[in-house]
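Can you build the whole structure from these sequences, using the hints too?
Chains as they are written, first to last, in the UniProt record's numbering: chain X, 1 to 126; chain E, 1 to 212.
To be clear, the hints were calculated from the coordinates, so they are not data collected in a lab. Just so it is clear, the structure is predicted and the values come from calculations on it, not from any experiment. Misleading hints may appear alongside valid ones.
[As the list claims (entries may be wrong)] Only some residues are given here: those of chain X computed to face chain E with a beta carbon under 10 Å:
#: 1; residue: L35
#: 2; residue: P104
#: 3; residue: E121
#: 4; residue: G122
The C-beta atom is built at its ideal place from N, Cα and C for all residues, glycine as well.
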Amino acid sequence: MEGHWYDAEAGPLVRPYAMTGGRTRPGPHGARFDLIALVVVDRSGTDTADEALLGPEHRALLGLCRAQTQSVAELAADADLPVGVVRVLLGDLLEGGHVKVSRPVPPARLPDERILREVIEGLRAL
Amino acid sequence: MGLQDDGPGPDAGADAESAPLALKILVAGGFGAGKTTLVGSVSEIRPLRTEELLSQAGELVDDTGGVGRKTTTTVAMDFGRITIRAGLSLYLFGTPGQDRFWFLWDELSQGALGAVVLADTRRLEDCFPAVDYFEHRRIPFVVAVNCFTGARRYGADEVARALDLEQGTPVVLCDARDKDSGKEVLVRLVEYAGRVHTARLLESVGPPTGPH
Ligand SMILES: Nc1nc2c(ncn2[C@@H]2O[C@H](COP(=O)(O)OP(=O)(O)OP(=O)(O)O)[C@@H](O)[C@H]2O)c(=O)[nH]1
Ligand SMILES: [Mg+2]
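Here you go:
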């Protein structure tokens, strides 16, 4: 991806939060997205003019989400960004109305038997 | 949590049918027990980086403090996705075994369906912390004994006794390099997690009372 503020040769860490303007936490909503929270593009909220104002990392994430629904973890792996950075960037996108983020299933509402059976059959068929 | 809830509500009914579902499984175990190998044999594995703020002493600090005291460390996790069908995926997270990364487990274990604890019989004690961790948090887990070549073979019962596992915790012998073997471990976990969650559901409903 273009626009990295650091390169891989430089060592394990060089200011990964530079592209978030030093912010290590998402914006005022204070959301800390779960690694498996799913991110979808909010088609109602975006227009191309808004998008042009976004930075390259924001747009890269939007592009990935547009291709298919992605989890926060996948976005980080695909964009080759640390999870913490992706969380901050997603917070911006959420606030700007570019994406919707769905909450993963809370433990108390773990999937019913039918879904677990589907998972088991799916695993066997891999 | 301040997270915007665009997902289905508790009684979303038909909506819940179509909402994409993501399930999380953790893969834990001692250093070199085969976590990366297992995640790689059953899914397309990708490295995932998190940046964590650590104090000089190595423990997690609140990031509202002064910049001078903080250092950031990169923690790499194994990450894999298994697509069961459109809208239903399983996500695997291989977590670093070292104690100082437990704060990561705390986050990862939230909402997890369950965990696989990989054990190497040559260093069984390496998986004690993981076993303790999941038992204390009541997260369903199976112990997968990775049968390394040259290691003495133990039966599942022997391992269960040596680890002092709670009754019912499955122990599966496996070869983490083998896809079918890895799949079997996951199937056993999902089956077990299903049983545990059903039992808890019944527990939360309470004992049957007399006629109304
Ligand atoms: N013979 C044999 N070797 C294995 C098996 N599973 C893993 N290995 C080997 O053992 C070594 C360690 O496996 P990893 O999968 O890297 O272990 P890990 O738990 O991810 O290790 P760390 O991330 O360093 O803690 C590798 O060289 C693997 O090829 C197995 O079932 N049998
Ligand atoms: Mg590893």
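Against the structure, the hints come out as follows:
1. Here the hint on X/L35 is kept, as its CB sits about 7 Å from the closest CB of chain E, short of 10 Å.
2. Proximity of X/P104 to chain E holds as hinted, the smallest CB-CB distance being about 5 Å (cut-off 10 Å).
3. Given the 10 Å rule on beta carbons, the hint for X/E121 holds: about 8 Å separates it from the nearest Cβ of chain E.
4. Interface restraint check: X/G122 against chain E, minimum CB-CB distance 4 Å, threshold 10 Å, status holds.
Consistency note: the structure conflicts with none of the earlier hints.
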